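K.L.:
Make one complex out of these two single chains by using the hints.
Quick mapping for you: the protein sequence lines, in order, are chains A and E. Each residue of the first sequence is one higher than the one before, starting from 255 at the first, in the working numbering. Each residue of the second sequence is one higher than the one before, starting from 84 at the first, in the working numbering.
Mixed in with the good hints there might be a few duds.
In silico DSS-like links for lysine-lysine, alpha-carbon gap of 27 Å or less [stated by the list, open to error]:
#1 Lys742(A) <-> Lys129(E)
#2 Lys651(A) <-> Lys613(A)
#3 Lys744(A) <-> Lys129(E)
#4 Lys129(E) <-> Lys444(A)
#5 Lys478(A) <-> Lys307(E)
#6 Lys385(A) <-> Lys444(A)
#7 Lys731(A) <-> Lys129(E)
What follows is a set of in silico ranges between Cβ atoms, one per label pair, in the way DEER data are often shown [claimed, not checked]:
#8 Leu261(E) <-> Thr612(A): 42 to 48 Å
#9 Ile105(E) <-> Asn532(A): 25 to 31 Å
#10 Gly243(E) <-> Ala515(A): 37 to 43 Å
#11 Thr700(A) <-> Gly158(E): 34 to 40 Å
#12 Ala640(A) <-> Glu137(E): 34 to 40 Å
#13 Asn532(A) <-> Asn141(E): 31 to 37 Å
I should point out that these hints are in silico values taken from the structure, not numbers from a laboratory. Model, not experiment: these values are computed from the prediction. Heads up, the beta-carbon is just placed ideally off N, CA and C, and yes, glycines get one too.
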Amino acid sequence: MDPRQQRVDAIRARSTELENHIIDEYRGGKIGRREFVRRGAVVGMSVPLLTFLATACGVSTEDLEAEDKPQTAKPKQGGTLRVGQQQPPGALDPVLVNSQAGLTILGQTGEFLIWSDRELVPQPRLAESWKPNEDGSVWTFKLRKGVKFHDGKVMDAEDVASTFDRLADPDNTSNALSAFTGVLSKGGAKAVDASTVEFHLDAPNGNFPFLTSSDNYNTIILPKDYDGDWEKTFIGTGPWKLDRFEQGVGITLVPNRDYWAPGRRAVAERQEIVFYTNEQSLVLGFQGNEVDVVVQFSVSGGKALLTDETVITTELQSAAHRQVHLRTDKEPFRDKRVRQAMALLVDRRALVDGLLDTKADFGNDSPFAPIYRSTAEVEQRQQDVAKAKELLASAGKEQGFSVPLSGWQGFEMPDLAQLIQQDVREAGIRVALNITNQATYFGEATYGNSPWLDSTMGITEYGHRGVPNVVLGAPLKSDGTWNGAHFKNKRYDALVEDYVAAVDLDEQRRYAKQIQELLLDEVPIMFTYFYYFLSGAKDYVAGVETNAMGHTDVSRAGFT
Amino acid sequence: MGRFILKRVLLSIVTLFILSIIVFVCAQVLPGDVGRSILGPFADQKSVDALNEELGANDPLPVQYWDWISGVLTGDMGESRAFRQPVEDVIGPALVNSAKLALIAFIIVVPLAIAGGVWAALKEGSFRDRFVSIGGLSATAVPDFVWAVLLIIIFALTLGIFPSTATAPPGSGFFEQLWYLILPALCLVFVLFGYIARMARAGTIESLDADYTRTAVIKGLPQKTVVRRHVLRNSLLPTIAVVATQLGYLIGGLVVIELIFNYNGLGQALVEAAQQNDIPMLQSGILIVGVVYLVATLCADISYSVLNPRVRLGAEQ
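Isolated chain E, as found in the complex (with noise of 0.2 Å):
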């Protein structure tokens, strides 16, 4: 398990490398020059140079990634451009907050999904299945924006029950910032439900179908402790995956989310960042997002292991 554990960080520290050159190449093809992104395009050309030279701008490429990376790797992401502050006193507000909002939609809809899919395999064919399967499919299907402004426009702004913005006052409680986040949390639910809901559905269907299913109830169990016991330890495996792969577009990829719900998550503060050229700042974000994926995607691994020994004795092999 140790040895399989560590082959896992290892691909993804080689993992991580390449995506810092790619993040890094990728960020210097962005239009627009540095100072003026900053001083915005009314600015004198003096200033703007002036501004380049002190940020560094002007720097041969291979030395200002070199200049990056080393100091990400003694925990020193540089500084905004835009905001001239440390990246990290910007990104780490940003990405709390993103962590904060992934956490309250996964707590919501990862067991609901689940419940739904494997309540639907049970009867497979069944007005519930159908009802579970179809309503599942069409919430996934309509955009996450529409589901937003529909949601604001019920419950901020008719019935008045939810604010209209994510961003609680300064200074809130858990419970005030709860309730906050309860929009945009369900907005992210009805997106991924009919997702996770398919795959728990169709692995429990291939469970149930399984030569072990069969003989546990031949051997006389009871439905619960099969589907308990054999059912979902078998099912969830694909469902593990799915969900590993939705965190990193829970931390990084709600743009749409965050800028309707006028939230200050990572996804917005990547989009900003890109726009006013702030490269220091874009790449450490990206290059996070990139760390979260990966993780999430190694304590996929690791559970699907725990789960299938054949995983973990395959990879030791």
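Isolated chain A, as found in the complex (with noise of 0.2 Å):
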């Protein structure tokens, strides 16, 4: 027998049903070789492990190969490389930052137990394997060996424990509680013997390796007797460590020499963050050779980098989006086909290639961006002014209507604002503006006490997430605590429970064309459009690896 063809039998023979599963949608072509891999690691076989099956199947893993490699040259040993980015609003520690430009931080001296890449693919880090129960209620991790903090110390099983159990408990106010509630609880996680951690889930959740990756990026591991002084010391195992740490102005990192990886060792000699206070500043040092790497820009603030010959942009596929809430419980939206026509009635095609110059994906009116592998096909939503002026003459309002939109000054938003509202008109409905300040917009962020979540009608920014859980959950269940829509409805409720539990993509994929479809027909909120991650750097910068979360990893980087 082909020796390859042995191996194949003797991995299956030892592969869970689900991992089987997996292996035989390959073969028999239901699923694409990036699928397959991703699909893969999320259930916890390895990357060489699928790569090696992807071959053995008779597939070539050359594509695959390619997407792990930089696309640029390779970089020079040495040198200070200069990343800009914007300044994070408050104080750096990983239990509670929640900000972008905070993140990018505590992603360069500390790590996570799984690397969430480009394409969503789970990548080991400081976890080796994972595994989840028969039910997903139970996951175990495998750490690697041999790692260090920057103090010398070595990084085992209590580590990590410490680690989840700190931010899952509320009495510490951590921002990756909105991950965490209701998925893991204090406590929850067990370091079985020195390099296994075992996570007792609150109820299963076959996207929970995501939820220990660099998409919840609250979850480096610290030390278990960390308290609270990260901007001291910035300790993590990463590849970076601190030496200079200046407020408002950056910070300066240099390589750590005991890093556990050789080959991912910082390249430079040196790496300085420099912060700016706003994206204007940022785009002018980067055109003006301030810094070599600009970790993110907007469309509409980083116009000029999107032409500029001596710029390298990375555009990456993303879950970021704006949500336009309609309140499902209050005139003039308590009727469904009034919803239905609104959403006809916005360009999308005009938003995606007017306001984001084409580097934004269509929204379907559902959280399931294109990104997500789980995302089923659905009929894409058009503008239709006929039709959705025939809904609004069935549903009583053939005159039109007036209704408030409100939002922050913020991003990109008053300008959706401003051309939903001339969208709109063509079919008599006459939209006021109210466009605050981020603080008035989000209030106490209680109902009854902020315009988000009270308003008739509002616009409020999401960031991407590696899985749709958070935002399937929070804004649109009956009992989410961000529904500004306020939508109660069993059945979406009940999916959504089904949907999250699901460990099988199959099964993710079949609960979410129907929450996709029941969406797409209650329409609580307009999802118009998902827009990329773009980063950039000089042509004679390479090896810069940026994921959509916005993590910016320069270890590998260095000057051609």
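P.N.:
Set out below in structure tokens:
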């Protein structure tokens, strides 16, 4: 027998039912190579193993390997790499950080159990492997051995368990609670031995590995005796160590010579992170050669960079979006035909092409962004003014109506509000814009005390997430804490619970399709686009790796 | 003289006390919840409640005021709610940065504008007078952010002479820091030149017209001596007051310049504190700006009284 086939058989003999199911689907041509790797990785199969299986089953790994390699020339050893990014708005404490600017810093000196790459494939980092039990309610992680913190102490399962315990404890007011509430409670992470951790979940969860990954950016592994003074040491296990931190100015990092993966040790001899207080200064500084890499810029703020020949821009599909909620319990949106009409009046192509310079995917009125593998094929909603007018007439609103649209002065949201105002005017709908500052819009962020949650119609920003679980829950479930649409639908709630619990992708996709169709019909929220994550580097820099969450790994970056 | 200074200092203390109450009351009306501002709109409500409790944000207002003001009096400004650090540790570097920029701008603009104003006044109605007056006024009329963008485009992006930011890299020496501050300081020079020069010009014209100047000229004193001994001494009195009031603006009011030049100064720190509901930072920062204003005004009053004994004697009587 072919030795390769023998190895495949051996692997299959020790694989779980779910793993064999994924292999069968790949062999049967039901899923492609990329999806095979992603699905296999989520349930804990290692990437080398998946690569071997992909080859053994007759599919070339050429493309796969090419994806993992930097797209540009090999960088030279040494030099000081200057990275520009927005200034973090508050204290740099991994437990509390809740901003894009803060999360990019955590990932420099800290590391996650799993790295969620640009294709949303979970890659092992501090965890070597992970496996769910049968129903996905207990996940067992095997940790990498020989990993040391920057202070020389060896990282073990106790450190990992205490990191997650700290984040899941409501007393610590962690930003990660929004992801862990209802999933992982304090005490749920248990050190089984020095290199094994078990996560006992509150409910089955098929995408739990993503909650331990770089997508849930507060989860960098910290020592068990961590006491909240991260800014003094930036302690972690990552390829960079703190040299100097100056509040409001920047950070200087030097390579961690004891880093556990010799092949991923820092190429540059120093990394200087320069803080900018606003995007305009950041772009000017980048154009003026004061920094070599810009972590993120928007289409509206960094248009000049998109056409600059000295800049290599990276565009990554993401699930970041703006939600336009329509109060389902209040006139004029109580009738779903009116909500459907609103969604039909919006010209999504104009939004994507005009507002975002084509750097976005179309939204289809559900959180299932095209980047998610579980997103099912559902017909894309297009602008249809005639149908919208028909729906309004059947709902007794052929004369149109007036409605206030709330939002805040940030990103491209005021422009989005104006474009919606313009689009719906065609059907006699008069939108009065109520654009305030951020603090006013969010208010106390509780029902009755927040224009975000109380307004008849409002625009809210949501960042990228590796899985749609949080956005399926809080803004849309009947008991959701961010449910500005006041949408209450028992069938929807049950479908989301089933989707979250599903470990198998086919099953997830089946529930996803039903959720997508239900939301397309009910339209509690208009999801009009999912914009791309944009970053840039000068053409003399190579090896910068980013993902849609905004993590920028420059450990293998340097000058060409 | 001592009595005059004592009286001014006591008045300043009363003013600061009133300012502290106004600042405290104003800070309370900021929209949003303290814990929510720090943890973000998507944070769990339990976390927000726990943080509010921990920060004392639920205490009665008089208790909060007393905690703050008694701390300030003993040199403890409290803890920044956003940065979880003592306020003085966050605000101190920002104040030093603002002072650096203000100092450089002052060193350039004050002598330049006074010289320009006097120079123009000595030939009232001439081309050079019109040049200084109209040119200065035009420069002042252009908003600071326009100057900032213009200077960045010309000197940073096109010619590549100066950096586009004002923040020098960590560990930079004196001259490197100075280099980074030239462009924002130039912006301030353009904005302030016309104002100060016009005051100096008006004061000089008035002094040149005064009896004591005429007497000095009739006595046969050379023009340079007349200007130095008799004209400048009197003409600069109103200019000193103008310069002093600009100091407070330069320390705490350069929000736009700091924003465009990415400079971590006090103005920007205060705006961020207001946006993040960081009340201890905001209150203490405004109080510091108030102190700067009062100290500058006090210095101006003292200089005024030295140059003009009538002011000092009037105050003592």
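K.L.:
Now look at each hint and say whether the structure bears it out.
P.N.:
Against the structure, the hints:
| no. | hint | result |
| --- | --- | --- |
| 1 | Lys742(A) <-> Lys129(E) | holds (23 Å) |
| 2 | Lys651(A) <-> Lys613(A) | violated (35 Å) |
| 3 | Lys744(A) <-> Lys129(E) | holds (26 Å) |
| 4 | Lys129(E) <-> Lys444(A) | holds (24 Å) |
| 5 | Lys478(A) <-> Lys307(E) | violated (77 Å) |
| 6 | Lys385(A) <-> Lys444(A) | holds (15 Å) |
| 7 | Lys731(A) <-> Lys129(E) | holds (19 Å) |
| 8 | Leu261(E) <-> Thr612(A): 42 to 48 Å | holds (45 Å) |
| 9 | Ile105(E) <-> Asn532(A): 25 to 31 Å | holds (29 Å) |
| 10 | Gly243(E) <-> Ala515(A): 37 to 43 Å | holds (39 Å) |
| 11 | Thr700(A) <-> Gly158(E): 34 to 40 Å | holds (38 Å) |
| 12 | Ala640(A) <-> Glu137(E): 34 to 40 Å | violated (57 Å) |
| 13 | Asn532(A) <-> Asn141(E): 31 to 37 Å | holds (33 Å) |
Hint violations for this structure: numbers 2, 5, 12, all remaining hints satisfied.
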